[in-house]
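Novice: Protein sequence lines correspond, in order, to chains E and L.
No gaps in the numbering here: position 48 of the first sequence is 48 in the working numbering, and each next residue is one more.
So the number in the working numbering is just where the residue sits in the second sequence, counting from 1, plus 1000.
Some clues are possibly wrong.
Computed footprint of chain E on chain L, listed as stretches where at least three residues anywhere in the stretch have a Cβ under 8 Å from a Cβ of chain E [said to hold, decoys possible]:
1. 1054-1061
2. 1069-1083
Some chain E residues flagged as far from chain L (calculated, every beta-carbon gap over 10 Å) [said to hold, decoys possible]:
3. Ser18
4. Arg20
5. Gly63
6. Gly66
7. Arg94
8. Asp121
9. Leu188
10. Glu252
11. Glu258
12. Arg298
13. Trp365
14. Gly371
Rather than coming from a laboratory, the hints here were simulated on the basis of the structure.
Virtual Cβ for every residue (Gly too), placed ideally from N, Cα, C.
Below are the chains, spelled out letter by letter.
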Amino acid sequence: MPSPGETDGRPAARVMRSPRSVDIEITARCNLRCRYCYFFDNPAVTYADLPTGEWLAFFEELGRLGVMTVTLAGGEPFMRRDLPTLIEGIVRNRMRFTLLSNGGLIDDDIAGLIARTRRCDYVQVSVDGSRPETHDACRGHGSFEGAMRGIRTLQRHGVNVAVRVTVHRYNLGDLEQTARFLLEELGLAGFSTNSAGYLGSCRLNGDGVQLNTADRQQAMVTLLRLAEKYPGRISAEAGPLAEARHWRRMEEARASGEPAFSNGGRLTACGCPDSTLAVRADGSIIPCSMLAHVALGRINRDALGQVWQHSPALNRLRQRRTIALEEFEFCAGCPYIPYCTGNCPGLAYTLTGQVDHPSPDACLWHYLADGGQLV
Amino acid sequence: MIAQNSIPIANPVVVLREEFDDWAILFNPDTAAAVGINPTGVAVWKLMDGRRSLGEIVGRMQDQFARVPETVFQEVSAYVATLTEGGFVGYELQEAG
Chain E
1 MPSPGETDGR PAARVMRSPR SVDIEITARC NLRCRYCYFF DNPAVTYADL PTGEWLAFFE
61 ELGRLGVMTV TLAGGEPFMR RDLPTLIEGI VRNRMRFTLL SNGGLIDDDI AGLIARTRRC
121 DYVQVSVDGS RPETHDACRG HGSFEGAMRG IRTLQRHGVN VAVRVTVHRY NLGDLEQTAR
181 FLLEELGLAG FSTNSAGYLG SCRLNGDGVQ LNTADRQQAM VTLLRLAEKY PGRISAEAGP
241 LAEARHWRRM EEARASGEPA FSNGGRLTAC GCPDSTLAVR ADGSIIPCSM LAHVALGRIN
301 RDALGQVWQH SPALNRLRQR RTIALEEFEF CAGCPYIPYC TGNCPGLAYT LTGQVDHPSP
361 DACLWHYLAD GGQLV
Chain L
1001 MIAQNSIPIA NPVVVLREEF DDWAILFNPD TAAAVGINPT GVAVWKLMDG RRSLGEIVGR
1061 MQDQFARVPE TVFQEVSAYV ATLTEGGFVG YELQEAG
């Protein structure tokens, strides 16, 4: 009988024949050095780029496997001068794509090319404030102007633009104006939020950048108010808004003695290994960009379908959902266990050194113990 | 209903993603449309190669599968019509005259 972290490497449930989507860190280069970047300053990562031909060969493999979507991130994907060739390779292999960017290097030529493919779901541009003072605080001088230029260029060419706001100490007081600016002035349909997490460069700059308990509470209050003001237009899968919504639901369940949530009481939070893989800029296949140290193989050397189906490390990650929270000393005495999913394994690893552990970052019980209040 | 002699052609840009057992997803990357299909749907999809008429496809299904219902032509025809509406399938153009 396997105990936490000692699974036998077989999948816990049926695995589809190939991933539906693949997240690719297409370059390890970036024109910015954001203070909370999850990508840089990871000691487990080799920061090197692959030549065009390697990626094109990999895209052919993805096409053969029936992968539907690739996300190109980095680093900054628009750093690659061969980006048009790479995009053509994706399109040729019958896939759609998404780009994650800081916006600063997007010009008319590349925006026009993206639009003409008609295969781009969206380009996500990071915007952390309504004005340079708040946006540039963590992203560097001139980056706000670059993001705005990029967004307007994409809009001019009819490319779908998504915006991600990362909440940190320097933009906490600007969230109200940021929402107004993005939704009313720029005319975006919506935007998503998260917060600076203890990964990559943020581990080095965390004290000055990350939200403390009081900041987090303030962010939750503000974002809930804004979500009410702009119904359906502010989303979050992690960070203060997601936590505010989920923690409120957990407390309601606890207070009324509801039965356990169907995904509660075990490490179920991460569904990525069921549908997605990721690839580092150096070609290492990994489960997710948040688990960049878990190398599963290398592109164009190891067959991706084999890695997907048979990698012991990936199948152990899939079995993570069978691990009960009650087994962890960290959770001892917590009244929220039946409603808790253990949260992100990537943050669990950087904070505790263990993937098969609940993440302290999004722990309601510890938030309350630190003096935080539900909003 | 689609005529028996019409020749449906699977849109070559559409991806057949076989996922669990013989179940699959048809994904059109040009439109982002996706539809889940059962093993029978997969078999029909693989026969729509632009050479067989709908009648011939139904005939192959009757040869390949046991206990094929009497309504097989209507069912396959409805399935192909649904795929056609979604842009997953086209037809050979007949020359006039």
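Novice: For a quick check of understanding: which of the numbered hints are violated here, in increasing order?
Specialist: 1, 2, 3, 4, 5, 6, 7, 8
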